[in-house]
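K.L.:
Residue-level listing of the chains:
There are 2 protein chains.
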Amino acid sequence: MIDSAPLRCLTPSGWTPTQLRVGTDGRIQRIDPARAETARFALPGIPNTHSHAFQRAMAGLAERQENPEDSFWTWRELMYRFAGRLDPDSLRDVATQLYAEMLEAGYTHVCEFHYLHHAPDGAPYADRAAMSRALIEAAAHAGIRMTLLPVLYMTGGFDERPLEPRQRRFGHALDDYLTLLAQLRRMENDRLRVGVALHSLRAVPAGAMPALLEALAGHDFPIHIHIAEQLAEVEQCLATRGARPVRWLLDHAPVDARWTLVHATHLDAGEISGIAASGACVSICPTTEGNLGDGLFPLRAFLDAGGRFSIGSDSHVSVSPVEELRWLEYGQRLISHRRNLASEPGTPGTGEALLRHAWTGGAQGAGLPLGCLQEGAFADLIVLDPDAPALAGARDGDVLERFVFAGNRPLVAETWIGGQRVVAEGRHRERETIARRYARTLRCLLAG
Amino acid sequence: MIDSAPLRCLTPSGWTPTQLRVGTDGRIQRIDPARAETARFALPGIPNTHSHAFQRAMAGLAERQENPEDSFWTWRELMYRFAGRLDPDSLRDVATQLYAEMLEAGYTHVCEFHYLHHAPDGAPYADRAAMSRALIEAAAHAGIRMTLLPVLYMTGGFDERPLEPRQRRFGHALDDYLTLLAQLRRMENDRLRVGVALHSLRAVPAGAMPALLEALAGHDFPIHIHIAEQLAEVEQCLATRGARPVRWLLDHAPVDARWTLVHATHLDAGEISGIAASGACVSICPTTEGNLGDGLFPLRAFLDAGGRFSIGSDSHVSVSPVEELRWLEYGQRLISHRRNLASEPGTPGTGEALLRHAWTGGAQGAGLPLGCLQEGAFADLIVLDPDAPALAGARDGDVLERFVFAGNRPLVAETWIGGQRVVAEGRHRERETIARRYARTLRCLLAG
Chain A
1 MIDSAPLRCL
11 TPSGWTPTQL
21 RVGTDGRIQR
31 IDPARAETAR
41 FALPGIPNTH
51 SHAFQRAMAG
61 LAERQENPED
71 SFWTWRELMY
81 RFAGRLDPDS
91 LRDVATQLYA
101 EMLEAGYTHV
111 CEFHYLHHAP
121 DGAPYADRAA
131 MSRALIEAAA
141 HAGIRMTLLP
151 VLYMTGGFDE
161 RPLEPRQRRF
171 GHALDDYLTL
181 LAQLRRMEND
191 RLRVGVALHS
201 LRAVPAGAMP
211 ALLEALAGHD
221 FPIHIHIAEQ
231 LAEVEQCLAT
241 RGARPVRWLL
251 DHAPVDARWT
261 LVHATHLDAG
271 EISGIAASGA
281 CVSICPTTEG
291 NLGDGLFPLR
301 AFLDAGGRFS
311 IGSDSHVSVS
321 PVEELRWLEY
331 GQRLISHRRN
341 LASEPGTPGT
351 GEALLRHAWT
361 GGAQGAGLPL
371 GCLQEGAFAD
381 LIVLDPDAPA
391 LAGARDGDVL
401 ERFVFAGNRP
411 LVAETWIGGQ
421 RVVAEGRHRE
431 RETIARRYAR
441 TLRCLLAG
Chain B
449 MIDSAPLRCL
459 TPSGWTPTQL
469 RVGTDGRIQR
479 IDPARAETAR
489 FALPGIPNTH
499 SHAFQRAMAG
509 LAERQENPED
519 SFWTWRELMY
529 RFAGRLDPDS
539 LRDVATQLYA
549 EMLEAGYTHV
559 CEFHYLHHAP
569 DGAPYADRAA
579 MSRALIEAAA
589 HAGIRMTLLP
599 VLYMTGGFDE
609 RPLEPRQRRF
619 GHALDDYLTL
629 LAQLRRMEND
639 RLRVGVALHS
649 LRAVPAGAMP
659 ALLEALAGHD
669 FPIHIHIAEQ
679 LAEVEQCLAT
689 RGARPVRWLL
699 DHAPVDARWT
709 LVHATHLDAG
719 EISGIAASGA
729 CVSICPTTEG
739 NLGDGLFPLR
749 AFLDAGGRFS
759 IGSDSHVSVS
769 PVEELRWLEY
779 GQRLISHRRN
789 LASEPGTPGT
799 GEALLRHAWT
809 GGAQGAGLPL
819 GCLQEGAFAD
829 LIVLDPDAPA
839 LAGARDGDVL
849 ERFVFAGNRP
859 LVAETWIGGQ
869 RVVAEGRHRE
879 RETIARRYAR
889 TLRCLLAG
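Those protein sequences? They're chains A and B, same order as listed. Numbering (the numbering used here) for the first sequence: 1 to 448. Numbering (the numbering used here) for the second sequence: 449 to 896.
So here's chain A without its partners, still in its complex pose (with noise of 0.2 Å):
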C-alpha cells in the first residue's frame, strides 16, 4: 500500500487536504484527512477519448497549401502517404512517445481508435494483431491506461465501392473483424480493454450493420464511430441513405451509453436533442476540428438538451487538454460574441464546468470508472504544480479556472496511474530514452 504525501484532493465532497491510501491494485483503498494542509492541488486524470496515434509523427506536415480548394479532403492524402510508412516497430516507437506526452499534459487514460491494421500492402501481418500490440506495448511502456478500439473498416466510400489499394490496410471482412476482436478482449488486463469502433458510416455498409450490432448486442463494449465531421459526408449520406448521419445512424443502431460519437460537428436540432436522449457521449476533438477546417460543434444548443461530451485529440496537432477545452470554449465565444457558454450562473466556472464533462464523459467513452477520486476509484491523477507563477495564490474556486485559462504553459507537475508516479516535476519517468528512440524513427519515417 502507498501513503502519499498531503493533497489538496477534489474529492466528490470537493476539495479537501487528503491522503490518499491506494492499494497494490492501483486503486484508491482509503482518502484520509491530510495531517497538514497543502497547495498541491490534485484531480482526476483527464480521458482522452479519441486517439490516432501515429498521425502524431505528422503534426506540422500538412500545413502547405497544395491547391486552392485546400480541406480535411488534400489533407487525407498527406496522411494516407504517410500512414503507408509504419510497420509495428515505428508505431510502437511514435505512440510511446505520443503517450508519454499525454501523460506530462494531463491525461492519464486514452481512447486509441485504432485502423492501421496490416501491412502498407493491405496485406495482414502473419500476426494480425501486430499493430495493435504495438499500441498496447506503448501505452504499458509509458504508463498510461487504454481503451483499444480496433476499427471495422470495410468500404471507401457511401456507394460501398472497394477499398483503394491505400486503404486496405485499414480493412477487414466482418468476420476477420469479430475474430480480432476476441484475440484483442482475451488480452485485456487492468490498464487495458476493448472496445469497438466503427470507422465511420461510409466504411461500413448499412447491409453490415445488423449483423455487426447483433454481434455487440449484449456486450458492454464502448462504440465508437467518427461521423457528421464533414459537410461533404453529410451530403453524401443524404444521397444515398436519404438521411444526414447522426439521423440515419439514431434510426439504425440502437445508440446509448455505449456509443461514443467522434465529432458529430453538423448536427440540425434533431439530432442535438436525439444524441442527448440517446445518452451517448460525443468526443469533441477541438484542435484537430481547428486544424482540418471541420467547423464548431453547436455546444450550448447541446448541453442545453442535456448532452455529454468528452475531448479528444485526435491527430494530435496539439496534445494538451487545457488547450481542447479551452478552444472548445473559445470557438462557441467568437461565433456567439458572448462568454462563458460551457457554464450557467450560479454553477462553478467554466473551466470546471469543462472539466467535469471530460471526466464524465470520458468515463463513458472509455467504457472505464475514470475522472472521480474516490475509495474504489483508479488511483489516476495529477498534480498542479504549486510553483506555477500562473496559479500563485490559486484557491478552491479558481484553481481549475487557472489551469484552464490562464495559459499555456504545462502546469502538471506529476501524473499518477494506478498510484504510481509516472511525470515528477512535469517530466515523463523515461522522457529522455523516448525521446531519442522516437527522433531516431521519425528521421528514418521521414527519409522513406
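In case anyone wonders, no lab produced these hints; they're calculated from the structure. This structure is a prediction, so every number in the text was calculated from the model and none was measured. By construction, the Cβ of each residue, glycine as well, lies at the ideal position given by its N, Cα and C atoms. Don't take every hint at face value.
[Stated by the list, open to error] Partner residues are not named here, just some residues of chain B that face chain A (Cβ under 8 Å, in silico):
| no. | residue |
| --- | --- |
| 1 | 509 |
| 2 | 511 |
| 3 | 515 |
| 4 | 516 |
| 5 | 523 |
| 6 | 679 |
| 7 | 738 |
| 8 | 744 |
| 9 | 765 |
| 10 | 771 |
| 11 | 782 |
| 12 | 788 |
| 13 | 799 |
| 14 | 837 |
| 15 | 891 |
[To be verified] If you anchor each label on the Cβ, the simulated ranges turn out as follows:
| no. | chain 1 | residue 1 | chain 2 | residue 2 | range |
| --- | --- | --- | --- | --- | --- |
| 16 | A | 84 | B | 484 | 34 to 42 Å |
| 17 | B | 484 | A | 447 | 16 to 24 Å |
| 18 | A | 219 | B | 526 | 47 to 55 Å |
| 19 | A | 77 | B | 817 | 38 to 46 Å |
| 20 | A | 188 | B | 451 | 54 to 62 Å |
| 21 | B | 884 | A | 182 | 53 to 61 Å |
Put chain B on the given structure of chain A with help from the hints.
P.N.:
Positioned in the frame of chain A, the structure of chain B alone reads:
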C-alpha cells in the same frame, strides 16, 4: 564583439549555417558562414504588438458566468476592479514576470499599450510617469525590447460622457498627455521606443482629434488605437458619428504606415480595402479575442487586399506567439471549412507565411527595424530546441511549420536580445527570482 556558436539562421537569403558577429551595440555586425553544419535553427524573435501587462495577473480569474448575457462588457467590470488594486510596485512585478514569460515563448519585443497612469483614486502620482517607469523598469529587468505606448483616454463613451470614477486613473487632458509624452520621449534609448496610443474612438472625442493629430504631425511615432473590437462599439459609432469606426478613422485621420489598428475585428469590404490601402498594420490578438468573444478577423479578404498584420497577446490569457498564429489560422479554417488560408499555392508553408507577417507587421507596429536577421539589425533571435521531439528530423522547408503547428509545448531553447542570451535551455536567466516576487505580489493583490 560576441561570436555566436554556429546557427542555422533564417536570413534574407534563406536558411544558412552562420556564425553571427554581434557588436557591443547589440547589433549584428557580420553574418559569416559557419564552419560546421548544425541543427540549431535560429529565427528572428517575434514582436508582440499589443500588451496590457497588468492583465496577466487576472488570467483565469474571469471565467465564471456572471449572468446569461456575459460578454466583453461584463469582463470589463472585473478588469476595472482588478486594475484598481495596482500601484507602481505591483505593476512592475507583474510586468517583469509577464515579459520573462514572453521571452521564454519567443517574443523579443513588446508594444505596451499603457493606460493605467494615475493612482486608483484618479489623482496623478507625484511623478506623473510613475506607472510608465514601472513598465520601463520591468522591460529592462526582463531584458525585452519595448515600444511604450502611453494611452490618451479622455471620455467614457461616444457621447463624450466624463470618465467614471474607476476610469479616472486612465484619463488625461490633452495637454497633460502631451507633457507625459514629452517626458517619456526623453527616456528613449536603444531598448526603449516611445509611441502614442489613442485608447479608442469612444475615449477620444471627435473634437479632440484635430489638436492631437496636429501635435503628432511631422513625427514618426508609432500610433496605435483599439478599434472595431466589439459590435456594440460599431453600433454606437454609427449612431453618434454616422460611420462605422474604421470608416470614420480612415476619413478623419491621416492613417498610414505609422498606424496600428488593434483588433479591427468587425470590418466591411470597404474598410478592409481601406486599411490595406492606407499601409496601416492590424494587430490581431487571437487568444484574447477568443477569450472575450470579440469575433473572427476577416483574414483571407484582408490578405487578398494586400493588408499587413502582426500579433499581440493583449490580455495575456496565453503568452505564446505560436498559439496566437495557430489559432488565427484555425479560426479561418473553422468558418470556411478549408485549410491553409494564410498561404497560397507555391508559397512557403502556412506557418512561415504567418510568421513573416508577424515579423514585418510587428516591425512596423513597433516602429523599429525588427524581424529580420541581417547586418546592422538588432541581434534579437530565438533558437529552437534541437532535442524537441516535435522538431526531430526538421528541415529548412518544414521547421517553421512544425514550430507553429506541431503542438503547444515550448520549443524555444534560447532567446537573444541584442546578442545577449536572456533565455537558455528554455528558462529565463532569472526565472526563479522573478517568479517568486510575482507570486508574493499576486497573493497580495488577490487578498486585496
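K.L.:
Please go over all the hints and tell whether each is borne out by the structure.
P.N.:
Against the structure, the hints come out as follows:
no., hint, in the structure
1, 509, "holds (6 Å)"
2, 511, "holds (4 Å)"
3, 515, "holds (6 Å)"
4, 516, "holds (6 Å)"
5, 523, "holds (6 Å)"
6, 679, "holds (6 Å)"
7, 738, "holds (3 Å)"
8, 744, "holds (6 Å)"
9, 765, "holds (6 Å)"
10, 771, "holds (5 Å)"
11, 782, "holds (6 Å)"
12, 788, "holds (4 Å)"
13, 799, "holds (6 Å)"
14, 837, "holds (5 Å)"
15, 891, "holds (4 Å)"
16, 84(A) <-> 484(B): 34 to 42 Å, "holds (35 Å)"
17, 484(B) <-> 447(A): 16 to 24 Å, "holds (22 Å)"
18, 219(A) <-> 526(B): 47 to 55 Å, "holds (50 Å)"
19, 77(A) <-> 817(B): 38 to 46 Å, "holds (41 Å)"
20, 188(A) <-> 451(B): 54 to 62 Å, "holds (60 Å)"
21, 884(B) <-> 182(A): 53 to 61 Å, "holds (58 Å)"
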